[in-house]
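Participant: Sequence:
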Amino acid sequence: MADDSVHLGELASESTAPARVAPDAAGVAADASAPQPRRRGRRVIIGILITLLALAVLAVIGWFVAESVLRQVAVDRVREVVVNGLGVNPDQVAVEVGGGPIVPQLLSGALERVEIDLDTMQVGAVSGAATLIAEGVPLAEGAAIERVVATVTMPSSAIAELAAIATGLPADAISVGENTVSVTSEFDVFITKVLVGVELRPSAVDGAIALEPVGVMLGDASITADELRSTPFIGAAASDLLQTRILCVADTLPASLGLTDLRIVGGELTVTLRGTAVPTDQTALAVTGSC
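Just so you know, we're using the working numbering here: the sequence shown kicks off at -2 and counts up by one.
Any given hint might turn out to be false.
Unchecked claim - As a list, the in silico EDC-like pairs of lysine to aspartate or glutamate whose alpha-carbon atoms are at most 20 Å apart:
(1) Lys190 <-> Asp169
(2) Lys190 <-> Asp217
(3) Lys190 <-> Asp237
(4) Lys190 <-> Glu224
In case anyone wonders, no lab produced these hints; they're calculated from the structure.
Construct the entire structure; sequences and hints are all you get.
Facilitator: Here is the structure:
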C-alpha cells in the first residue's frame, strides 16, 4: 500500500514539472540567413579601394604616355625652329628638353631648359660642333627665347686658319700651343734674314676675336713685345706683326647672339656665344650683326 502511494507521488510531481519545449528549427534557419552588416561593409570598402587603386594606376600610365607624346612634340617644334633659323640639316640637330615634367611646362607656355647639339655651326670664317643651352623657350609662334648660351668647339686647324687671316701669313707658318698661337716669319735686315716668332693669345673683345702678342722669339732668344719694338731695325720691320689683330664675326652670327669668350683648351678652340631675347622667327633670326 505504501509502495502504491510512493509511485502516485512521483507521478504527480512529474506531471506538475514544466514541459521542455523543442527548439524551433525554422527560427534557427532564420537566424542563420539574417544579413551580416560587418562582413558586407568590409566587402564594400575593399571594392572601393580596389577601384581607387585601378584608377590611380591608369592615371600614372596616362601621365607617362602623355609625357612621352608631348615631349616628342616639343622636341620636333624646337628642331624645326633651329633648322629654319640657322639653315642646318635636320639630321645634324639633336634636341633634348629638360626642366622636369613636360606637361607643367606646356601649361606655362614655355619650356624651362632645352639642350641642342649641332654637328656644325659657323662662327666667322670657321666652324665647329656646337651645344646650345636655351632657357625660357616659348611655345607661341614668333616669341623670343629668354636666354641662349652656345659653346662651339673647333679643331686646331680652325685656330691656324683664324691666325692666318688675321696676320696675312700662310697657315704653315702657324702652330698651335696649349693656350697660344705661334706665328713665325722672316725679316730682311741688311744682308741677312732674321727669324721672328710671335706668340698670340686669342680672346673675345667687344664681340670680336682678338689675337694679342704675348711673347716673342728672336732667333734663339725670348724677349717681350716691347723689347722687340725697341730693337733697332728689327723693331720697325716687325711692328706690323706685333699689333693686336681683331677679327669681326658679328656679320656671321644672328644679331641677338654675341661672342663673349674664346680660349684654346687641349689644342681645340672653344668659343662661347650668349644672347637674350633671341627670336625664333626665321626672318628675325636670319638678321646678322654688323662689323
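Participant: Does each hint hold? Answer for all of them.
Facilitator: For each hint, the structure was consulted:
1. Lys190 <-> Asp169: Cα-Cα ~19 Å, so holds.
2. Lys190 <-> Asp217: With a Cα-Cα distance of about 14 Å, the restraint between Lys190 and Asp217 holds, given a limit of 20 Å.
3. Lys190 <-> Asp237: holds (17 Å)
4. Lys190 <-> Glu224: Roughly 19 Å separates the two Cα atoms, so the pair holds.
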